[in-house]
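K.L.:
With this note's numbering, the residue at position 105 of the sequence shown is 105, and numbering never jumps.
By construction, these hints were calculated from the structure, which means they are not laboratory data.
Some clues are possibly wrong.
Unchecked claim - Only pairs whose alpha carbons sit at most 27 Å apart, straight line, appear in this in silico BS3-like list of lysine-lysine:
1. K240 / K225
2. K40 / K50
3. K230 / K216
4. K238 / K225
5. K125 / K50
6. K134 / K222
7. K50 / K63
8. K240 / K197
9. K40 / K134
10. K63 / K172
Unchecked claim - Cβ-Cβ distance ranges computed for the label pairs, FRET-style:
11. E242 / E65: 54 to 60 Å
12. E65 / Q199: 18 to 24 Å
13. Q147 / K222: 50 to 56 Å
14. R51 / A104: 31 to 37 Å
15. A246 / R51: 24 to 30 Å
16. A196 / E242: 51 to 57 Å
17. L67 / S143: 46 to 52 Å
18. R146 / G56: 53 to 59 Å
19. Q199 / G171: 34 to 40 Å
20. G171 / M205: 14 to 20 Å
21. A39 / S143: 21 to 27 Å
22. E124 / G171: 25 to 31 Å
23. D191 / K63: 50 to 56 Å
24. N42 / A104: 55 to 61 Å
For every residue, glycine included, the Cβ atom is placed at its ideal position computed from N, Cα and C.
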Amino acid sequence: MSGINYSKWDNIDLSDDEEGMHPNIDKSLMIRIRREQRAKRNEEEAAERKRLEALGTPEAKKKLEELERNRKWSADDMCTVVSERTIINRSDDERKKQKEQEEAALATMTEDQQAEVKFQKVFEKEDELTEYAKIDDLIDCESWLRQRNQLLNEDSCNWMLLHMLALEMDGKTSAMELATRNYLMMRNILDLAATAKQQPGQVIMPFFMQIRQPEKTAELVKESKEFAKKIKARAIEKKKEEAAAAQEAHDSELS
1 MSGINYSKWD NIDLSDDEEG MHPNIDKSLM IRIRREQRAK RNEEEAAERK RLEALGTPEA
61 KKKLEELERN RKWSADDMCT VVSERTIINR SDDERKKQKE QEEAALATMT EDQQAEVKFQ
121 KVFEKEDELT EYAKIDDLID CESWLRQRNQ LLNEDSCNWM LLHMLALEMD GKTSAMELAT
181 RNYLMMRNIL DLAATAKQQP GQVIMPFFMQ IRQPEKTAEL VKESKEFAKK IKARAIEKKK
241 EEAAAAQEAH DSELS
């Protein structure tokens, strides 16, 4: 396997008008906000259904039918837990059927709605990814990724970016820098897998064999520091944007 090329990180820009990392960060934040708003709306709709069902009048039944007919399905609805028990040994047919159902549902959604489904699923793994972001030792990082290689995907990378920005905005720079290094390893594994036309899990071991070489470790440290600078710059911009938005909202209330 050829050496890892880190130069691809040199031109990463976090400005608002780029299609690089930061739009994914902002999109993730907005998705989380919309999920909270949707949860509130769903609670209100559930209360209304319960009220109409309790009334039981023909008019109430008609309104209930109309409510169901006009119901908007979302990513959260796609990811609702339908059973409290864990199915450990599902058959291949069951997995295939579930996948087909998910693909059919996704096909009816817009690109933004499809993105919400993916982000919803990765947010369910938030605790595990937070754990990964904190791992310092390279051997432990390799072990963690090999045990959870299903989390090696673009959505996990996007969540890591969001997490890195949140850490820096909270003043946790050391934690952000460590998370940045671990993000870059995840990102490079995905790139290597794509180049080699293999599954990400298949290139974990070769990647870490290289990255533990002193010169490769030094390159990773250097690139992590450079990338962390971009996170810091974006965090400063984001705080300014939030302060401006808060001031604008305050001014609007006074006017």
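K.L.:
Please check whether Q199 and G171 have a Cβ separation lying inside 34 to 40 Å.
P.N.:
holds, 38 Å
K.L.:
May I ask you to test the hint 18 to 24 Å on the CB atoms belonging to E65 and Q199?
P.N.:
violated, 47 Å
K.L.:
Would you say the C-beta atoms of A246 and R51 sit inside 24 to 30 Å of each other?
P.N.:
violated, 37 Å
K.L.:
Starting from K238, check that the Cα of K225 is at most 27 Å away, please.
P.N.:
holds, 20 Å
K.L.:
Against the 27 Å threshold, does the CA-CA distance of K40 and K134 hold or violate the hint?
P.N.:
violated, 33 Å
K.L.:
Taking 50 to 56 Å as the hint, is the beta-carbon distance of Q147 and K222 inside that range?
P.N.:
violated, 28 Å
K.L.:
Between K230 and K216, is the straight-line Cα distance small enough, at 27 Å or below?
P.N.:
Roughly 21 Å between the alpha carbons, so the hint for K230 and K216 holds.
K.L.:
Against the range 46 to 52 Å, how does the distance between the Cβ atoms of L67 and S143 compare: consistent or not?
P.N.:
holds, 50 Å
K.L.:
Could one say that the CB atoms of N42 and A104 fall in the range 55 to 61 Å?
P.N.:
22 Å Cβ-Cβ, so the 55 to 61 Å window is violated.
K.L.:
Would the hint linking K63 and K172 be met if the CA-CA limit is 27 Å?
P.N.:
Answer violated: K63 to K172 is near 51 Å, above 27 Å.
K.L.:
Quick one: are E124 and G171 within 25 to 31 Å, going by C-beta?
P.N.:
Taking Cβ atoms as reference, E124 and G171 lie about 27 Å apart, which means the hint holds.
K.L.:
Within 27 Å, alpha carbon to alpha carbon, are K134 and K222?
P.N.:
holds, 19 Å
Checked against the numbered hints given earlier, the structure breaks hints 5, 8, 9, 10, 11, 12, 13, 15, 16, 20, 21, 24 and satisfies all the rest.
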